[in-house]
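Enquirer: Chain by chain, the residues run as shown.
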Amino acid sequence: MTDANHKVEVDEATGTETTGHSWDGIKELNTPLPRWWLYIFYASIVFAVIWMVLMPALPALPFTNSGHTRGLLGQSDRVEVMAEVNRLKAERSAQAGAFVDASLEQIETDRNLQQFALALGESLFGDNCATCHGAGGRGAKGYPSLADDVWLWDGTLEGIETTLQHGIRHEEDDDTRNSAMPSFGKDGLLPRETINDLTEYVLHVSGQDAEEDAVARAEPVFQQECSICHGEDAKGMRSEGAPNLTDAEWLYGGDRATIFETIYNARNSHMPAWSDRLDATSIKALAVYVHTLGGGE
Amino acid sequence: MAEEPLNMQPAGEGPMPPSGGDLYSKRQQIYPKLAHGTFRSLKWLVMAVALGIYYFLPWLRWDRGEGIPNQAVLADFESEKFYFFNIEIWPQEAYYLAGLLIIASLGLFLITSIFGRVWCGYACPQTVWTDLYIWVERAFEGDRAARMRLDRQPWTLNKVLRKGGKHIVWLIIAFWTGGAFILYWHDAPTVARGWFTGEAPLSAYWFAGILTFTTYALAGTMREQVCTYMCPWPRIQAALTDENALNVTYRFDRGEPRGAKRKSESWDNRGDCIDCKQCVQVCPMGIDIRDGAQLECIHCALCIDACDTIMKQVDRPTGLIAYDTDVAVAARAAGKTPPKYHVLRARTFLYGGLIIAISALMLFGLTSRASFEINVLKDRSPPFVVLSDGSLRNSYTLKLVNKDANERTMVLTTVGLADSIVTVVGMRDEDSEQGIELPIAPHGVDRFRVLVEAPSGKPVRNFDMIVTDAETGETTKNTTSFRGPDK
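Just so you know, the protein sequences line up as chains A and B, in that order.
Just so you know, we're using our numbering here: the first sequence kicks off at 2 and counts up by one.
Just so you know, we're using our numbering here: the second sequence kicks off at 3 and counts up by one.
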C-alpha cells in the first residue's frame, strides 16, 4: 500500500476522485460519507462512556461486592423483577378475593373462577409439581399419573387439596397421609418362596398369566398378611392409600420382577407437604387444576 | 438499466461535491426555488390530501354499537383489536395485516413499473413533510435568493425574528404530527384531552416526543440527507427500474449542445437547453437532472415545471425535461421514431395479477369468516391416558372465539368416534345426548377443557368436534385426533 500524500487524483472512467491509496494497482474511489455521520459515530462513543458510568457495566471484578460495577444510577434488573413479581402478587390477591371465599366446587363450576384457577394452577404445577408428576400430570414410575381415573388416596377436590397441604408420608406434618407397607423380604417377615407365590397371586388377580399352584398356596398368606390394607378382594383401600391390585394401572410396574421387588422391599414413596411453601390460594388453584387434568372424582 | 443511453450523456459535475481528498464531505446547503406548473400543483394536492388524512382521520367517528370504540380507524391495544371502519381485526387474524403490507409493497412495485419513482417524489412522508417545511421556510425567509442572502447576513433582529419564527412554526407542526400519531392508538378525544391534563399513558408522551423530534429533525434540518444517506429505497429502486420505465429525464438528444443564447442568435446547430440552471435551482435534492439518472433524484418533477416555464418564455416546445424512458431517448438520439410507451408490460401484469389475487383472497376471507371460531388443541402431555378398565382418555383444550357483541350459547357435539363419552370440566351437564351447552362471553375468547373417553382401538382415530350456536344454528367444526398406544 502506498500513500500518495493525499494528492487529489481523479479516476478517468468515473470522474470520481480516488482515495490516493493503491493496492496492487487497484485504487479505491473516494465517495465521502457525510460529516454528520462521523459525528454520530463520535456521539455513540460518548454515549457508551456515559452509559458505563451510569449503568452496571463492567463484569467480573474481584474487588467489588457484587462482582461488577453498579453504576451511578443504581439500576438493577433484579430489583425491578422483584418489584414486578410483588406487583403481580398484589394484583393476584386482589383478583383472588372471591376465590378465597369460594368452595372448590364453586371454583370449578364458575367460569371466571375456573379460568383463574386453571391459569394460576397451570403455572404453579409447571414450577412445583411437574418435576415428579410430569407435564400435564402424566406420571412416571413411582409418581402417580394425575390424569387417569385411579386415585390412591382421594381424587375429590377436597381430597386433592388435603394431599397438597399435608403431603404423603411427610414426617414433619402430623396430618400427612400415612401408611407403611412392610418390607416382607428384606425384613425377613416372609421367606423368599412365599414372596414368589404372592407375586403369582398378584399376577393372577390382575388378570395376567400366573402359576396356578402358587396362586393356591398364596391365597391364605395374602388374606393374612395383605388384605388388611389391600382388601380381601385385592381392590385396595383408600384410607391406607393401598392400591387396587386388580386393575390395569400400576404405579411401579405390573410385571413379575417388579411385583416381586415391590413385595420384597416395599414401596413407601413421599410427597412433601406444600402448605408451608405455597399460600392457600395457590393450593386451591392447584387442587382445581389437578382435578381437571383427568376429571378427578 | 440500459447502459447505452447513459454513456452517451455528457459528463457533468457528478452528484458528489469535490471533496479535495477529504474522506468526509461537508454538507452543501440547498435552497430550493419555488417552481410553478402542473407538477407543483399536483404535489400541493397530494400533500393536502395526505396530510389531511393523517391529521384528521383519527377524529372520524364510526358507530359500532354499545361498548365498542366508535373511532373509525383505531389500533386498540387494550382490547387487542384493530378497527378499520366496518372491519374488525382480531389478534389471531393478524395475517390480514400481513396481506395488507404485501399489497402495499406490490402496489409500490406496480406504480413504480408504470410511472417510475413517484413514491419518493409525491407520497413519501419525508417528501411531503419536507415540502411543507420548505413552504414554511419560504413564508418566513422568502424564496431562494432571499434565503441565501439572509444566511450570509450578520445576525440582525430581522434575521433572528425570521429564523426564530420559522423554527417555532416547524416545532408546532412537528408536535402536531407526533400528537396525531398517538391518536391512532387510543380514543382520540380522550387521549388528546388526557395528554394535556397529564392523564395519558406514558407511551403517549414518549411517542409524541419521539415523533415531534424526528419530524423536526428530518423534515426541517436533515431533508435530502435522509434520502441520499439513510433511506434504503433509492438502492432498491435500481432493481425495479429498467430502460422501459418512466423517469424524470433530461432529453439530451434535444437539449445538447447546450449553452447560453442571445435572442438574436439562431436555434440552428445547437440544443434547446439554454443552460439557465432553473432545473438545478428548484431541485430539493440539489442535483443537476442533466447528469442523467441519479441515486439522489427523488423524481419530484419540479425541474420539469421549471424547464417548461423557461421553454415557454424562449418560445420552444415544452418537455425538454419530461417523464420519458431511456429507450425513447436513445431512439430519438439515433434518429429513429421512439417506441410507444407500453403501460401493459410483463411486469405490470405480474404485479397487477398478484395484487388482484391477494386482494381477492383477503376479501374472500373477510366476507366469509364466521361470527365465531372453534379451535381444538389436543393435549400433548400426556398424549393419552389408559383408564383402570382399559379404555382410553384424551384431553383437549377447546377455544371458542365469539366475535359477536352478544353472549351466546354454543352446543358441543362430536362425530366420528364410536362409543365415546365427552365431558367438559366444570360443566355439570348430564344431558349430553344433545351435546354440552357452553356459554361464551360477548367479544371474547373462552377456553374449555374437554375430556373424551373411548374404548381402546386404533392408535390414531380422527373425529370432528362440532360447535353449534343454540339460537341461530350456525355451525363450525374442527377435526382432531384421538390417540392410544401403538399395538
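None of these hints come from the bench; they were simulated from the model.
All figures in this text were calculated on a predicted structure; none of them were measured in a lab.
Keep in mind that the hints are not guaranteed to be accurate.
[Claimed, not checked] Stretch-level coverage of chain B by chain A, calculated; a stretch enters the list once three of its residues show a Cβ under 8 Å from a Cβ in chain A:
no. : segment
1   : 383 to 392
2   : 449 to 460
[What the hints assert, rightly or not] Cut-off 20 Å, straight-line C-alpha distance, at most; resulting in silico cross-link-like pairs (SDA-like, lysine to any residue):
no. : chain 1 : residue 1 : chain 2 : residue 2
3   : B       : Lys279    : B       : Glu258
4   : B       : Lys401    : A       : Val9
5   : B       : Lys401    : A       : Phe117
6   : A       : Lys142    : B       : Val388
7   : B       : Lys28     : A       : Thr32
8   : B       : Lys28     : A       : Ala44
9   : A       : Lys142    : B       : Gly392
10  : B       : Lys28     : A       : Val9
11  : B       : Lys380    : A       : Asp111
12  : A       : Lys28     : B       : Asp24
13  : B       : Lys342    : B       : Asp24
14  : A       : Lys236    : B       : Val388
15  : B       : Lys405    : B       : Gly446
16  : B       : Lys342    : B       : Asp244
17  : B       : Lys28     : A       : Lys142
18  : A       : Lys142    : B       : Ser390
19  : B       : Lys401    : A       : Glu123
20  : B       : Lys279    : B       : Asp290
21  : B       : Lys401    : B       : Phe465
22  : B       : Lys460    : A       : Ala249
23  : B       : Lys405    : B       : Leu356
24  : B       : Lys380    : A       : Gln116
[Unchecked claim] Distance windows between CB atoms, simulated:
no. : chain 1 : residue 1 : chain 2 : residue 2 : range
25  : B       : Leu62     : A       : Ala44     : 37 to 43 Å
26  : A       : Arg71     : B       : Lys479    : 57 to 63 Å
27  : B       : Leu99     : A       : His22     : 46 to 52 Å
28  : B       : Arg63     : A       : Ala281    : 33 to 39 Å
By construction, the Cβ of each residue, glycine as well, lies at the ideal position given by its N, Cα and C atoms.
Enquirer: Each hint needs a verdict: does it hold in this structure or not?
Expert: For each hint, the structure was consulted:
Counting residues of the segment 383 to 392 of chain B whose CB falls under 8 Å from any CB of chain A gives 8; the rule of at least 3 is met. Three residues within the 8 Å Cβ limit are the bar, and the segment 449 to 460 of chain B against chain A gives 3, so the coverage statement holds. Under the criterion of a C-alpha separation no larger than 20 Å, the hint pairing lysine 279 of chain B with glutamate 258 of chain B is consistent with the structure, at around 14 Å. Distance check on the hinted pair: lysine 401 of chain B and valine 9 of chain A sit about 72 Å apart at the alpha-carbon level, beyond 20 Å; violated.
Of the pairs offered as hints, the one joining lysine 401 of chain B and phenylalanine 117 of chain A holds, with about 16 Å between alpha carbons and a cut-off of 20 Å not exceeded. The hinted pair formed by lysine 142 of chain A and valine 388 of chain B meets the criterion: a straight-line CA distance of about 15 Å does not exceed 20 Å. Taking the CA atoms of lysine 28 of chain B and threonine 32 of chain A, the gap is near 12 Å; set against the 20 Å cutoff, the hint holds. Distance check on the hinted pair: lysine 28 of chain B and alanine 44 of chain A sit about 18 Å apart at the alpha-carbon level, within 20 Å; holds.
Between lysine 142 of chain A and glycine 392 of chain B the alpha-carbon distance is near 19 Å, which keeps this suggested pair within the 20 Å criterion. Proposed proximity of lysine 28 of chain B and valine 9 of chain A is supported: the alpha carbons are some 17 Å apart, at most 20 Å. Our distance criterion of 20 Å between C-alpha atoms is broken by lysine 380 of chain B and aspartate 111 of chain A, whose separation comes to about 23 Å. With a C-alpha separation of about 16 Å, the suggested pairing of lysine 28 of chain A with aspartate 24 of chain B holds against the 20 Å cut-off.
Of the pairs offered as hints, the one joining lysine 342 of chain B and aspartate 24 of chain B is violated, with about 46 Å between alpha carbons and a cut-off of 20 Å exceeded. At most 20 Å may separate the alpha-carbon atoms for a hinted pair to count; lysine 236 of chain A and valine 388 of chain B meet this at roughly 18 Å. Only pairs whose Cα atoms come within 20 Å are accepted, and lysine 405 of chain B paired with glycine 446 of chain B is accepted, the gap being roughly 7 Å. With a CA separation close to 15 Å, the supplied pair lysine 342 of chain B and aspartate 244 of chain B stays within the 20 Å bound.
At most 20 Å may separate the alpha-carbon atoms for a hinted pair to count; lysine 28 of chain B and lysine 142 of chain A exceed this at roughly 76 Å. Of the supplied pair hints, the one linking lysine 142 of chain A and serine 390 of chain B holds, its CA atoms being roughly 16 Å apart against a limit of 20 Å. A C-alpha spacing of about 16 Å is found between lysine 401 of chain B and glutamate 123 of chain A, which places the hinted pair at or below 20 Å, so the restraint holds. Pair hint lysine 279 of chain B plus aspartate 290 of chain B holds up; C-alpha atoms about 8 Å apart against a cutoff of 20 Å.
Restraint check for lysine 401 of chain B and phenylalanine 465 of chain B: the C-alpha separation of about 17 Å stays at or below 20 Å, so the hint holds. A C-alpha spacing of about 19 Å is found between lysine 460 of chain B and alanine 249 of chain A, which places the hinted pair at or below 20 Å, so the restraint holds. This hinted pair does not check out: lysine 405 of chain B and leucine 356 of chain B have alpha carbons roughly 30 Å apart, beyond 20 Å. For the hint pairing lysine 380 of chain B with glutamine 116 of chain A, the CA-to-CA distance comes to about 18 Å; that is within 20 Å, so the pair holds.
Taking 37 to 43 Å as the suggested C-beta distance range, the pair leucine 62 of chain B and alanine 44 of chain A conforms, at roughly 41 Å. Hint check: arginine 71 of chain A to lysine 479 of chain B, Cβ distance near 59 Å, so the stated range 57 to 63 Å holds. The hinted range of 46 to 52 Å is satisfied by leucine 99 of chain B and histidine 22 of chain A, whose Cβ atoms lie roughly 49 Å apart. The hint said 33 to 39 Å for the Cβ distance between arginine 63 of chain B and alanine 281 of chain A, and at roughly 49 Å that hint is violated.
Hint compliance for this structure: hints 4, 11, 13, 17, 23 and 28 are not met, and every other hint is.
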